[in-house]
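Take each chain as given, in its own frame, and dock them per the hints.
For the protein sequence lines, the chains are A and B, in the order given.
Going by our numbering, the first sequence opens with residue 71, and the numbers climb by one from there.
Going by our numbering, the second sequence opens with residue 483, and the numbers climb by one from there.
Don't take every hint at face value.
Said to hold, decoys possible - Each computed PhoX-like pair below joins lysine-lysine, with the alpha-carbon atoms no more than 25 Å apart:
| id | chain 1 | residue 1 | chain 2 | residue 2 |
| --- | --- | --- | --- | --- |
| 1 | B | Lys527 | B | Lys544 |
| 2 | B | Lys517 | B | Lys556 |
| 3 | A | Lys145 | A | Lys105 |
| 4 | A | Lys75 | A | Lys105 |
| 5 | A | Lys233 | A | Lys80 |
| 6 | A | Lys80 | A | Lys105 |
| 7 | A | Lys242 | B | Lys527 |
| 8 | B | Lys517 | A | Lys145 |
| 9 | B | Lys527 | A | Lys145 |
| 10 | B | Lys542 | B | Lys556 |
| 11 | B | Lys556 | B | Lys527 |
| 12 | B | Lys527 | B | Lys542 |
| 13 | A | Lys78 | A | Lys105 |
| 14 | B | Lys527 | B | Lys517 |
| 15 | B | Lys490 | A | Lys145 |
| 16 | B | Lys544 | B | Lys517 |
| 17 | A | Lys145 | B | Lys542 |
| 18 | B | Lys542 | A | Lys242 |
| 19 | B | Lys544 | B | Lys490 |
| 20 | A | Lys242 | B | Lys490 |
| 21 | B | Lys556 | B | Lys544 |
Derived by calculation from the structure, the hints in this document are not laboratory data.
Computed from a predicted structure; not experimentally measured.
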Amino acid sequence: METRKIRKFKFFMVWQDDREEAWLSEMARSGLHLKSYNGFGVYTFEPGEPRNDIYRLDYLTVQGEERQHYLQLFKDAGWEHIQAVGGWQYFRKSPGVDGPNEIFTDNASKILKYSRLRPVLIIIGVITLANVSRIIKVEGLFFQIAGFISFAISILFLVTLIKVWLRIEQLKRL
Amino acid sequence: MAENQLEKYLPLTEATFAILAVLEEPMHGYAVMQKVEQLSLGQIKLGPGTLYGAFSTLEKEKLIEMVSEDERRKSYRLTERGRRLVELQSHRLEILLGLRRV
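If we strip away everything but chain B, and leave its shape as in the complex, we get (with noise of 0.2 Å):
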């Protein structure tokens, strides 16, 4: 159904993935910024430009959705679309690494 529809987008950039992984919960920017560094032991640094093309072209194709805002910060979550996205890598990529297997 929209699976096709779906993998127009991959593969993802590691940025992106980042991002759509971590956003299972509602969250501002600078806290993605620094959860994604944290899970990813330092691996995965954002910068605030990266951050914030990609919140408006994940939320322009309704990847994500805002949740809340103050007039400082705004929070994101992903969306059902966009927590099928992530399976649908999450499954491309095991079955990359499946090929390492002798």
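Only chain A is shown next, with the shape it has when bound in the complex (with noise of 0.2 Å):
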């Protein structure tokens, strides 16, 4: 039997994983829950029974053994492993489940979420900005288009980077 699939297109940036959270668990109230999520902004959801499910989601690069451990620990404590996306790790849960009903009990434990963007954003940051220079001495105006767009990448970075700052910072005083 096939069940039906909704796509629902959204952006959230990095810094705006809570408001992501809040919107896949509005989806889940009206009966839409969570199948995949692209990466792209596309959200493929299943139709169902509206429920109360809390989404959570963190950010670790973990792979092999070590990635097992994390996600039986998540399991064990009642939350439902959804779909990693480039670090991004979807979670749910139902409140009526045994088990915490955050994934982050404290300040700390956030911090050390969001101090993990830092390194790739940076990295990233700074190879797109590093290419903008060389592209844009190639003749021609496709490169210097690619220029452009490179330039307009590496400033959505250092911007990324400055709010998830601001983020830590946030938390620290708390």
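Spelled out as structure tokens, the structure:
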């Protein structure tokens, strides 16, 4: 029996993960349950009964056996792993199931999560920025445009880095 | 001696203290969560994200060590260093509570 799938397009910035969590919970309350996310704004939902599920995102890159331990810990605590997208781990939990209704129960660990993003943002930002000068030197409109796009992307990463840094500082003050 | 070295960790967060306190006995992650919630009469809850991060950090700082692992779960236990840290923090908390005595 084939289940209907419903796709929605929505774009959340890296620092808006709490808004994304709230939106996914809202979808669940109206009967749409996250099946997968393609990492570029397309969410696929399975229609069903409305549920009060809690959605939470972690950011962690881990592989192999260590990854199994990580997922098992969440599973034991009642959290279902939906998908991993570029380091972002999507979890959901029904409040009725045994276990804590938050994945982070203190600020120190929330800060750790956002801190894991910084090196990635810095590296990509620096690489795209370094490429700008190389691309722009090449003759031709195509390369001028590509250089401009590269520049825009590195600005985006810089802004994201600043926003993440601010979020960390905000959490530190609590 | 090493006490000065350990003092840099103080004050411990509630989550850290709770985890160290129950790891006198070897336990895996979910057992730690349940034990802490049970012994704190439901006042202290540990989320899996918090616990995973704490285990990584505490293991790196050699305050806990892995004692066994099956394909699904790792069990940890306090190290001697971790035990001294719990003592240090407990003593500190007693001193603080002592300030309330008129």
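Outcome of the hint check:
1. Lys527(B) to Lys544(B): holds, 24 Å
2. Lys517(B) to Lys556(B): holds, 16 Å
3. Lys145(A) to Lys105(A): Answer holds: lysine 145(A) to lysine 105(A) is near 17 Å, not above 25 Å.
4. Lys75(A) to Lys105(A): holds, 9 Å
5. Lys233(A) to Lys80(A): holds, 20 Å
6. Lys80(A) to Lys105(A): Holds - the C-alpha atoms of lysine 105(A) and lysine 80(A) are around 15 Å apart, at most 25 Å.
7. Lys242(A) to Lys527(B): holds, 20 Å
8. Lys517(B) to Lys145(A): holds, 17 Å
9. Lys527(B) to Lys145(A): holds, 16 Å
10. Lys542(B) to Lys556(B): Roughly 15 Å separates the two Cα atoms, so the pair holds.
11. Lys556(B) to Lys527(B): holds, 20 Å
12. Lys527(B) to Lys542(B): Holds - the C-alpha atoms of lysine 542(B) and lysine 527(B) are around 23 Å apart, at most 25 Å.
13. Lys78(A) to Lys105(A): holds, 12 Å
14. Lys527(B) to Lys517(B): Between lysine 527(B) and lysine 517(B) the Cα gap is close to 10 Å, so the pair holds against 25 Å.
15. Lys490(B) to Lys145(A): With Cα atoms ~34 Å apart, lysine 490(B) and lysine 145(A) exceed 25 Å; violated.
16. Lys544(B) to Lys517(B): Given that 25 Å is the threshold and the Cα spacing comes to 22 Å, the pair holds.
17. Lys145(A) to Lys542(B): Cα-Cα ~24 Å, so holds.
18. Lys542(B) to Lys242(A): It holds: about 22 Å lies between the C-alpha atoms, which stays within 25 Å.
19. Lys544(B) to Lys490(B): holds, 14 Å
20. Lys242(A) to Lys490(B): Holds: lysine 242(A) and lysine 490(B) sit about 18 Å apart, inside 25 Å.
21. Lys556(B) to Lys544(B): Between lysine 556(B) and lysine 544(B) the Cα gap is close to 16 Å, so the pair holds against 25 Å.
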